[in-house]
Amino acid sequence: MRSTMTAVLERSALVRDELATEPYELPWAGEARFFVQAHELTGTLELTTEISPDGLTWCPADTPPVRVETPGMTSWLVTGFGQWLRVRCRVSGDDAPAARLRIYLVGKS
Amino acid sequence: MERAAPVIDAGLSKYDPLGRILCFDRFDSTTHGWTELIGNYDGSGDLGTVDEHMRDFRPPQLSNCSFFDVGTHGTLSGKYALKLATRPHRGHTATGIRRLTMAGRGRVRIETYFAFKAEATVGHELPASVAWDGNRHPSESQFGAFTVATDICADNGVRYHNVIRYQNTNLAGEMTQRWMYPVVPEPTPRDHQEGKFALPYAADFTAPDPDDWRTFDEPLELCVNEVPTKINWHYLRWDIDTRTRKNVELRLNDRVMDMSDVPVPVYPDRYSTLDNLLNFYFSVRTHAGIRNFLFLDSVLISVDW
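Which chain is which? The protein sequence lines are V and P, in order. Residues in the first sequence are numbered consecutively from 1, following our numbering. Residues in the second sequence are numbered consecutively from 1, following our numbering.
No lab work stands behind these hints: they were computed from the structure. Glycine residues also receive a C-beta, built at the ideal position from the N, C-alpha and C atoms. Among the clues, some could well be false.
Said to hold, decoys possible - Non-contacting residues of chain V with respect to chain P, defined by C-beta distances greater than 12 Å in every case (computed):
(1) S12
(2) E22
(3) L41
(4) T48
(5) P60
(6) P64
(7) T70
(8) G72
(9) W76
(10) S92
(11) P97
Said to hold, decoys possible - Computed beta-carbon distance windows for the label pairs:
(12) S3(V) x F216(P): 38 to 44 Å
(13) D254(P) x E46(V): 33 to 39 Å
(14) G80(V) x G289(P): 29 to 35 Å
With these hints in hand, go ahead and build the complete structure from the sequences.
Here's what the structure looks like:
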């Protein structure tokens, strides 16, 4: 039977400019899926998956950034990521851009 | 007490269980019931109603203990260890809790092989009360404390926590290396609802006032092994008694500490929905703006009933 595990990385994070989630280790997982639920969103939210070999230094994963324009849930798959994962969340726009986010990360062996 | 399993089991032979093993958790697959603690919330699932100091205890991770300098270090028993990681925020706590109930009363033993570390600082330095001299390292003084505790409730709602904490540094970052216990029960969400307290983010949820903590036994140096990227596994064995609601004994490697005089504060009021509650938690708290980690190679919980 495959193993799977869900972590709630943020429950109600307020992003006014940029937020990178805490490093999360998934060395056992062959695939992972982010779920980002924007409870509130003003402006455009850009979500960039980042990877790291040591949990200290990061680079973008081989996954295109996800753009979100309206509140709701969005999700994307990540594979071949190595050990550490995080997501960088940026909001932009002309009129006080902000997002209220809940972020899940699901790993599966 | 007879051993519960033959010692030819390489995983089990390094433990010393009582007669009945309730769980033996090796983290080669899943977190085996060790989950994040979160405060209680209202009937609409509004997590904004969770107490501010109990809303962000971070999800446990499965780690193969990899570091920037050597890559994968590995664990004691298997592929992965359970890792609790704080945020880099002074006072922040990460938890892993395991939820059981009691089918009897008597001696309860929790054992683990663990390691603790502050996150490595690379390319910069943070304030530290210990300087690097080729043997000692600033990282040694950048780890705050780890805690092992219970949450037990039975016999018409009588609730209490047995608590042990290894305080490596005080909140000023000075080395203390003391075993501690609180003299008050942990503030609960109902206490908050009743207006008894309102604690800020990163308050010490086990007992928020440093003056409510006492030391027991003598200072004890553990094997942090010089730099933040070496993992040496320590053996911890702690006995409590749920019949008498008392602490019994703590063992840390070769140090055995009589805890029979270490009090266990009981809540003055009674609690519902918790009959035969038997929870255990590990937590790690940073006393500076640096992530602190607690790694658990494996955990065994056994009883004599």
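Point to revise | Distal placement of S92(V) relative to chain P, Cβ over 12 Å | key: holds (25 Å)
**Study point:** Consistency of beta-carbon spacing, E46(V) to D254(P), with hint 33 to 39 Å
**Key:** Hint violated: Cβ distance 55 Å, outside 33 to 39 Å.
Exercise for review: Starting from the hint 38 to 44 Å, judge whether the C-beta atoms of S3(V) and F216(P) obey it.
Suggested key: With a Cβ separation near 40 Å, S3(V) and F216(P) satisfy 38 to 44 Å, so the hint holds.
Exercise for review: Run the C-beta distances from S12(V) to all of chain P and say if the shortest one exceeds 12 Å.
Suggested key: violated (6 Å)
**Study point:** Exclusion check [T70(V) not at the chain P interface, CB over 12 Å]
**Key:** holds (22 Å)
Review point. Closest CB-CB distance from P97(V) to chain P, is it above 12 Å?
Key: Per Cβ check, P97(V) is outside 12 Å of chain P; nearest 22 Å; holds.
**Study point:** Verdict on P60(V) as a residue remote from chain P, using beta-carbon distances over 12 Å
**Key:** P60(V) clear of chain P: closest Cβ-Cβ about 19 Å, beyond 12 Å.
Review point. Checking the smallest CB distance to chain P, is E22(V) really beyond 12 Å?
Key: violated (6 Å)
**Study point:** 12 Å Cβ clearance of P64(V) from chain P
**Key:** holds (26 Å)
Review point. Would you say W76(V) is clear of chain P, with no C-beta pair closer than or equal to 12 Å?
Key: Since the minimum Cβ distance to chain P is about 19 Å, W76(V) lies beyond 12 Å and the statement holds.
Check your understanding: Has the hinted range 29 to 35 Å been met by the Cβ atoms of G80(V) and G289(P)?
Key -> holds (33 Å)
Practice item. Mind verifying the non-interface call on G72(V)? Its CB should be farther than 12 Å from each CB in chain P. Key: Its Cβ never comes within 12 Å of chain P, the nearest being 17 Å, so this holds.
When the structure is compared with the earlier hints, violations turn up for hints 1, 2, 13 and for no others.
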